[in-house]
Amino acid sequence: MNRYPLWKYGLMALTLVVSLLYTLPNFYGESPAVQISAARSSAQVDAAVKDKVLGQLNAAGLVPTAVLPGTDTLKLRFKDVEQQIKAKDVIQQSLGENYIVALNLLSNTPEWLSGIGAKPMFLGLDLRGGVHFLLEVDMKAAVDKQMQKMGSSIRRELKDKKVRYGRVSLERDSVSVQLRDAETVDQTMAVLKKAMPDIVLTPSKTEGNFRVVASFSQASLSQMKTDAVAQNITTLHNRVNELGVAEPIIQQQGEGRIVVQLPGVQDTAKAKDILGRTASLEVRMAETDPAKHMEAQNGNVPAGYELLPMAGVRKGQTETILIKKEVELTGDNIVKAEPRYDQNNNPVIGIELDSLGASIFRDLTRENVGKNMAIVLVERGKGEVITAPRINAELGGSFVIEGGGMTVKEASDISLLVRAGSLAAPMNIVEERTIGPSLGKENIQKGFNSTLYGFVAIAVFMMIYYRMFGVVSAVALAVNVLFLLALLSMLQATLTLPGIAAIALALGMAIDSNVLINERIREEIRNGMSPQMAISEGYRHAFATILDSNVTTFIAGGALFLFGSGAVKGFAVVHCLGILTSMFSAVFFSRGLVNLIYGYRRRLTSLAV
Amino acid sequence: MIEFFHIKRDIPFMSYGKLTTAISLLTFVVAVFFLVHKGLNFGVEFTGGTVVELRYEQPADFQQIRQHVDSLKYGEAQVQSLGTARDVMVRLPNIKGKTSAQLSDEVFNVLKSSRPDVKVMKVEFIGPSVGDELVTHGLTALAVVCLGIIMYLAVRFEWRFAVSAVIANMHDVVIILGCFAFFQWEFSLAVLAGVLAVLGYSVNESVVVFDRIRENFHKPTMRGKTVPEVIDNAITATMSRTIITHASTEAMVLSMLVFGGAALHGFSMALTIGIVFGIYSSVLVASPLLLMFGVSRDNMVKQTVVKEEAVV
Numbered sequence: 001m002n003r004y005p006l007w008k009y010g011l012m013a014l015t016l017v018v019s020l021l022y023t024l025p026n027f028y029g030e031s032p033a034v035q036i037s038a039a040r041s042s043a044q045v046d047a048a049v050k051d052k053v054l055g056q057l058n059a060a061g062l063v064p065t066a067v068l069p070g071t072d073t074l075k076l077r078f079k080d081v082e083q084q085i086k087a088k089d090v091i092q093q094s095l096g097e098n099y100i101v102a103l104n105l106l107s108n109t110p111e112w113l114s115g116i117g118a119k120p121m122f123l124g125l126d127l128r129g130g131v132h133f134l135l136e137v138d139m140k141a142a143v144d145k146q147m148q149k150m151g152s153s154i155r156r157e158l159k160d161k162k163v164r165y166g167r168v169s170l171e172r173d174s175v176s177v178q179l180r181d182a183e184t185v186d187q188t189m190a191v192l193k194k195a196m197p198d199i200v201l202t203p204s205k206t207e208g209n210f211r212v213v214a215s216f217s218q219a220s221l222s223q224m225k226t227d228a229v230a231q232n233i234t235t236l237h238n239r240v241n242e243l244g245v246a247e248p249i250i251q252q253q254g255e256g257r258i259v260v261q262l263p264g265v266q267d268t269a270k271a272k273d274i275l276g277r278t279a280s281l282e283v284r285m286a287e288t289d290p291a292k293h294m295e296a297q298n299g300n301v302p303a304g305y306e307l308l309p310m311a312g313v314r315k316g317q318t319e320t321i322l323i324k325k326e327v328e329l330t331g332d333n334i335v336k337a338e339p340r341y342d343q344n345n346n347p348v349i350g351i352e353l354d355s356l357g358a359s360i361f362r363d364l365t366r367e368n369v370g371k372n373m374a375i376v377l378v379e380r381g382k383g384e385v386i387t388a389p390r391i392n393a394e395l396g397g398s399f400v401i402e403g404g405g406m407t408v409k410e411a412s413d414i415s416l417l418v419r420a421g422s423l424a425a426p427m428n429i430v431e432e433r434t435i436g437p438s439l440g441k442e443n444i445q446k447g448f449n450s451t452l453y454g455f456v457a458i459a460v461f462m463m464i465y466y467r468m469f470g471v472v473s474a475v476a477l478a479v480n481v482l483f484l485l486a487l488l489s490m491l492q493a494t495l496t497l498p499g500i501a502a503i504a505l506a507l508g509m510a511i512d513s514n515v516l517i518n519e520r521i522r523e524e525i526r527n528g529m530s531p532q533m534a535i536s537e538g539y540r541h542a543f544a545t546i547l548d549s550n551v552t553t554f555i556a557g558g559a560l561f562l563f564g565s566g567a568v569k570g571f572a573v574v575h576c577l578g579i580l581t582s583m584f585s586a587v588f589f590s591r592g593l594v595n596l597i598y599g600y601r602r603r604l605t606s607l608a609v
Numbered sequence: 001m002i003e004f005f006h007i008k009r010d011i012p013f014m015s016y017g018k019l020t021t022a023i024s025l026l027t028f029v030v031a032v033f034f035l036v037h038k039g040l041n042f043g044v045e046f047t048g049g050t051v052v053e054l055r056y057e058q059p060a061d062f063q064q065i066r067q068h069v070d071s072l073k074y075g076e077a078q079v080q081s082l083g084t085a086r087d088v089m090v091r092l093p094n095i096k097g098k099t100s101a102q103l104s105d106e107v108f109n110v111l112k113s114s115r116p117d118v119k120v121m122k123v124e125f126i127g128p129s130v131g132d133e134l135v136t137h138g139l140t141a142l143a144v145v146c147l148g149i150i151m152y153l154a155v156r157f158e159w160r161f162a163v164s165a166v167i168a169n170m171h172d173v174v175i176i177l178g179c180f181a182f183f184q185w186e187f188s189l190a191v192l193a194g195v196l197a198v199l200g201y202s203v204n205e206s207v208v209v210f211d212r213i214r215e216n217f218h219k220p221t222m223r224g225k226t227v228p229e230v231i232d233n234a235i236t237a238t239m240s241r242t243i244i245t246h247a248s249t250e251a252m253v254l255s256m257l258v259f260g261g262a263a264l265h266g267f268s269m270a271l272t273i274g275i276v277f278g279i280y281s282s283v284l285v286a287s288p289l290l291l292m293f294g295v296s297r298d299n300m301v302k303q304t305v306v307k308e309e310a311v312v
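Sequences listed follow chains A and B, in order. Note that the numbering used here gives residue 17 to position 17 of the first sequence, counting from 1, and the numbers run on in steps of one. Note that the numbering used here gives residue 123 to position 123 of the second sequence, counting from 1, and the numbers run on in steps of one.
Please note that the accuracy of each hint is not assured.
[What the hints assert, rightly or not] Calculated pairs, DMTMM-like style, for lysine to aspartate or glutamate (alpha carbon to alpha carbon, straight line, at most 20 angstroms):
1. A:Lys446 / B:Glu250
2. A:Lys569 / B:Glu133
3. B:Lys18 / B:Glu229
4. B:Lys219 / A:Glu537
Hints in this document: simulated from the structure, not taken from any laboratory. Predicted, not measured: the structure shown is a model, and the values here were computed from it.
So that you can see chain A by itself, here it is in the shape it has in the complex (with noise of 0.2 angstroms):
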């Protein structure tokens, strides 16, 4: 009666097989490396600049004890730290501004374990030291600056077919247009359907107050907060990766909050500085002339103009371009840029501005045909042409800009940038953290330490006051541990102090199944049952109340993890996967166990429990 299939057992064994494998890339630690990832668009980690980045490495008697090329990046891995902070200098040197050249620590795990997914858990901040920030999007401001575009749009349609209007004014959320009779407000409404198709339009034509009243649908008002938080995080994305850190986190929080941490950063104040910078976006006139610009590489720049440099240089480019210092327009006038095709399905990038920089797009083009303007992304007062192209009929609001062999990922790339040029909408800092590295790591000690000695102080006792069955529920209990950390690193979730507090809660309470059980069959056996009988009857019955009680505290730990926020989601997360695992090993595990020690004696007179 107490021996289980041998399926059942094989699962015990692969279970366990499987835990270790998975837990075991925690124990190897980590050493120190170097990451290298592409800067822009257009600068490649191929094996081109591995070879290069090896050969200056060799060069200055520095060997990587492991290379490790990725999909994109490339990482290398050194002997130690002060190896890892020459090389890190070297290759900086070597590859130059388009690539980020990060300090990284990376596990020891061997190949053979990686391969098989099996990975580390990813250490939170907490333990691991860096910085953290809780960024809120202004979404008023946002708004306010669609509107005051939605204003100037209206006015310029309305001008543009002669309808004549009064005062255009910004109420709360809404534009109004003042009218003089009933005749102007169907004319507005007309042109305003036709040309802005997504705003709310409602007329008034009650006697003495004529006019047009504009808002944005609702849709279009959380679609626009939606956005804006998409190209905030976008733009975080480009502004962190300056900062060279390896692995940060950029999330939205919440409606309108965006969580930044940056792990290994200490200095939070060069972070904020990094974090809150404006990059804007400008069209300028460029000057092709070969002379003149061949004059200006000598050093020869004319006055009023600049020699800035090409952002994705392909073959048979100039990697500089002679640009007019005069700004023609800004990226605040820029509506949308997202990759497109053209009718030869090459890929292009289309553009379309609002009706202020359409009108000043049209009259610039339409002095300028033949010549050749450029876009210009402006960073830290550092400017980089993203693309010349040469103007060959007058454009509006809407155009494309074809790159000549610009490839798919080119064009979404750089339509990327020119939409994250600069924020959507303001931010403000709620909430931030610094914590030392040294402080990490004695967070992770002192979680381990607690954490141990409450286990062996459980174990002890059990294996003294329950003897067998006291064994059995030790290791059920160390096999909790070992499921849990494994289910931990296959989820590659990240663990946080309050996630280690929850491994160790999670042990002080999976032992109340056993408990249950080993009280059980001592009660059993009170009333007189046999040794066989007693255990299969302990566990049945005991069943039904760990399953109760796990039920009940599931619920308050699914509660936690719905309404918790940051500390306390990962505590919940930790608690509720530790009572998942509890009720597999202190009930299935536990009676297989038990099941091999005593459900193959056949004259069994007495337990130990």
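Go by the hints and put chain B onto chain A.
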């Protein structure tokens, strides 16, 4: 076989009902009094502000640090120890026009000028808007946990069990909060997590006793017994596991309290108190309440569908 709790005769817990209810009520009222009178000492996550954690090579002179920080005139600044004589926490209110980085730098510089062996371990800044949200979320979580538990227990048992269990648990929660208010310990986000974990833990406790009560109602040998006798028998029979389980969990939590350092202190403190009161409340609050709500054999035996016999 070692047995700490081999009790031959049922302990008449229910006959102490009046006394235990009076004690519970009294502790409850005292806890509420301190909560209202002294209030919780909310951590920086709730109130907003900047916290700087510093470490000295040699034991720090708190008096001196306080004077230095006060000389910066930031208003209500707090200086306290983080468990050891070398770890110092400085808590500052938010000041308009100054970022937390500036604040922490100023504090650090003024302290470093007098004692160069100081090091910044951690800086934390929380804006004023986040706190209110945390309180609302915390209260929502509390409400959802209670509702969820009531619903589950009402389905698995009966509404009387559900309501008694939740009242007993709220009693634990209020007492933990009362302790935090009385000693003016910092109520941080981690403490909130601890309090909510206690809610789950202590309900689990009541469930074990309830399971046994239900089982007893079904047992033929219990036919002739009165309801209080049935409950007494259930509590006595689960006594051993109650104490052992709680002692084990308490051992783990105490280990965190002793070895876990400052970061785990509040969390483990909430659990330590919660677990002690959890034993008391599941035995001496939930069960008398159950009796008071008029639970009877008919409530349980009617539901013949519920086959699961329970345990311990």
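Quick rundown of the hints versus the structure:
This hinted pair checks out: Lys446 (chain A) and Glu250 (chain B) have alpha carbons roughly 18 angstroms apart, not beyond 20 angstroms. Pair hint Lys569 (chain A) plus Glu133 (chain B) holds up; C-alpha atoms about 15 angstroms apart against a cutoff of 20 angstroms. A threshold of 20 angstroms between alpha carbons decides the hint, and for Lys18 (chain B) with Glu229 (chain B) the separation of about 16 angstroms falls inside it, so the pair holds. For the suggested pair Lys219 (chain B) and Glu537 (chain A), the alpha carbons sit about 16 angstroms apart, so the restraint of at most 20 angstroms is met.
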